[in-house]
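Undergrad: Model the placement of chain B on the given structure of chain A, informed by the hints.
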Amino acid sequence: QSVLTQPPSVSAAPGQKVTISCSGSSSNIGNNYVSWYQQLPGTAPKLLIYDNNKRPSGIPDRFSGSKSGTSATLGITGLQTGDEADYYCVTWDSSLSAGVFGGGTKLTVL
Amino acid sequence: QVQLVQSGAEVKKPGASVKVSCKASGYTFTYYYLHWVRQAPGQGLEWMGIINPSDGSTTYAQKFQGRVTMTRDTSTSTVYMELSSLRSEDTAVYYCARGGARDVGVVVAATLFSSWGQGTLVTVSS
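Respectively, the protein sequence lines represent chains A and B.
Here the working numbering is used: position 16 in the first sequence is 137, and no number is missing along the way.
Here the working numbering is used: position 40 in the second sequence is 88, and no number is missing along the way.
Bound-form chain A, shown alone (with noise of 0.2 Å):
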């Protein structure tokens, strides 16, 4: 069972949008910075948006994160093929001090 809740998995044709919640509690995401990562079938992670909102060079701007309150949410505009993946969240929790995942979403391009 995850700190953070995220939806098993999430679908959209290409061309769409998609958003993927990140859901907390006041001692993870509501206090604490939120990151997102990809991960393709058999490699490791990759950062996608870290500070909440911001994007590494490289990311296009398809790809967008925000934060309200203890939830997060990373969105993904365009849809490609090449995006069917799965996504995570992460944040630091301080009442357990230590980072936490959530448990991750397998994103569907139909």
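One should not assume that every hint holds.
[To be verified] Which chain A residues face chain B? A few, computed with CB under 7 Å, are given here: (1) TYR154; (2) LEU168; (3) PHE184; (4) TYR209; (5) TRP213; (6) PHE222; (7) GLY225.
Worth flagging that the hints you see were computed from the coordinates, not collected in a lab.
We put the beta carbon where it would ideally sit given N, CA and C, even for glycine.
TA: Relative to the frame of chain A, chain B by itself:
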């Protein structure tokens, strides 16, 4: 460019220990925290702990306290993760990942995993 290169796959028997290495290059080793994260087959990512290569200080997930030890060798820019008393449930791919800069403190640094190693498969089987 930042590179994290991990040691090769390991097969261990239950009760044994494993030590995985992660050699960093392309940046100032002592300036950034380093995480260890694992992923069991078909499962999600699990945070194990973080080390400050500058002073060797560590923070471990409660689940692994007493069984995990993270160390560093500044002369070779390498961090190590040793996990003891292995059981079948420890079968997983273990990743190192670069965290935030030491100047921002562990809480902020621990929310960032900017570059990842290629992963090391540890199989625990009798």
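Undergrad: May I ask which of the numbered hints given earlier this structure violates, with the numbers listed in increasing order?
TA: 3
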